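Q: All chains should be modelled from the sequences, with the hints used to inform the complete structure.
So the protein sequences, as listed, match chains Y and G.
Residue 1 is where the first sequence starts when you use the UniProt record's numbering, and the numbers rise one by one after that.
Residue 1 is where the second sequence starts when you use the UniProt record's numbering, and the numbers rise one by one after that.
Derived from the structure by calculation, the hints contain no laboratory data.
Incorrect hints may appear among the rest.
Treat identical chains as interchangeable: a pair holds within one or across any two.
What the hints assert, rightly or not - As a list, the in silico DSSO-like pairs of lysine-lysine whose alpha-carbon atoms are at most 30 angstroms apart: (1) 107 / 88; (2) 120 / 41; (3) 200 / 107; (4) 143 / 120; (5) 120 / 15; (6) 88 / 41; (7) 131 / 200; (8) 143 / 77; (9) 200 / 48; (10) 120 / 200; (11) 48 / 15.
Quantities reported herein were computed from a predicted structural model and do not represent experimental measurements.
There are 2 protein chains.
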Amino acid sequence: MISWLDIRNALLSGKPVLIFDSIEREAETDMVFYAGTIDYKKIAYLRKYAGGQICFVSGRLFREALDLPFLQDLIIKHPSIRELATRKPRYGDPPAFNIWLNHVATKTGISDSDKALTIKALSEIAALIYKGYMEEARDRFLKEFYAPGHVPILTSRGLANRRGHTELSVALSLITGLTPSIVIAEMLDEGQSLPYEDAKRFAIRNGLFFIDGVDIVAEAEKRGYLND
Amino acid sequence: MISWLDIRNALLSGKPVLIFDSIEREAETDMVFYAGTIDYKKIAYLRKYAGGQICFVSGRLFREALDLPFLQDLIIKHPSIRELATRKPRYGDPPAFNIWLNHVATKTGISDSDKALTIKALSEIAALIYKGYMEEARDRFLKEFYAPGHVPILTSRGLANRRGHTELSVALSLITGLTPSIVIAEMLDEGQSLPYEDAKRFAIRNGLFFIDGVDIVAEAEKRGYLND
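A: Structure below.
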């Protein structure tokens, strides 16, 4: 039995959890923090122990409230490179990337403290949106960031449409009663993704929750979170 | 005296060099490989010892031959987020980002081997362009990649217009007689950019060239490479 309450408490206390998507998809494990708890030490931890791209993740409501396009939609409108955006990755899903940005108060956007600053501010925007303050959220969003920058925003298409780490971590937030406002990075080994068994061992050794995507999908289905 | 020939040989033999931009700009050191020599071990080395965003860099000719937009130009055309693209980073320069992409043969695009594959293919496109095979380069480019992906392309605006690591590494390629086809990542410390003295110490300890941006600018000026 998975204790969603224990997972909620782990995330709220600033611990990462590990999420494996599925053997039929990327077969990758992502390290996942609750964005509201992020600081530069956690960004450095993600760099060191995950190694993949550090992304801010939120849900469909975040995208709609801010009227964010998917990057694919911007590229497809540009004639000279549109062909590049007509193809999908080999695992079949469309990319979840919206835009890359930095907070205006960052120095270059790339250091751990700068990334933490950008992500922390994005988590405040997400909190406003999920509490219903759409206009205030949109005002702050347009004033406080510049693009392109170094933190990608990924937003969910809902588990009914896509079963990536973006959708899984948004569903996990909703199941555990948290704002969809998450930081993820893929766990890498030298050369390849960290194999399933190694990711599981990392979780056990470090006292972290390891969650199988299939369990999130089942619970999200039960609770009606397949489209968020 | 800087030996540009020795730097050329280091790059061609697959060793990284370190480039410091300027105390008046980012004040950051980037680790730089020649893209033609890249493999998954070098990507893992960049992740471990640099830590910043791993980017493919080329020159103005690359951008023009492929008719690549800057990402800023795509964002500014999208009404709901255009304001984000009207601002500059605090160090004053416009971003050098074009698009993020993956090679179609990658699995997810994010592992070291996948990134090496994408970058290796980009280096072949750059080689075609700088040898004058524009049409073949453009055909291959549009067929072999999809976007958005995980490797950003940065292209130079010329040192006369911008003095970032993008422009410095393109000028370094030209000075050393190499194709502008480079992989860079910022050197990070926990929390902040790796301080100048620490980056210099890293170079000495590992037998790597450490190059000051100001020396590249002076040499590029002498040889007429300020707009490439």
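Q: All hints, please: hold or fail.
A: Cross-check of the supplied hints:
| no. | hint | in the structure |
| --- | --- | --- |
| 1 | 107 / 88 | between (34 angstroms within a copy, 11 angstroms between copies) |
| 2 | 120 / 41 | within (13 angstroms within a copy, 33 angstroms between copies) |
| 3 | 200 / 107 | between (37 angstroms within a copy, 22 angstroms between copies) |
| 4 | 143 / 120 | within (15 angstroms within a copy, 39 angstroms between copies) |
| 5 | 120 / 15 | within (16 angstroms within a copy, 37 angstroms between copies) |
| 6 | 88 / 41 | between (35 angstroms within a copy, 27 angstroms between copies) |
| 7 | 131 / 200 | neither (35 angstroms within a copy, 49 angstroms between copies) |
| 8 | 143 / 77 | both (26 angstroms within a copy, 18 angstroms between copies) |
| 9 | 200 / 48 | both (17 angstroms within a copy, 22 angstroms between copies) |
| 10 | 120 / 200 | within (28 angstroms within a copy, 32 angstroms between copies) |
| 11 | 48 / 15 | both (15 angstroms within a copy, 23 angstroms between copies) |
Violated hints amount to a single one, hint 7; each of the other numbered hints is respected by the structure.
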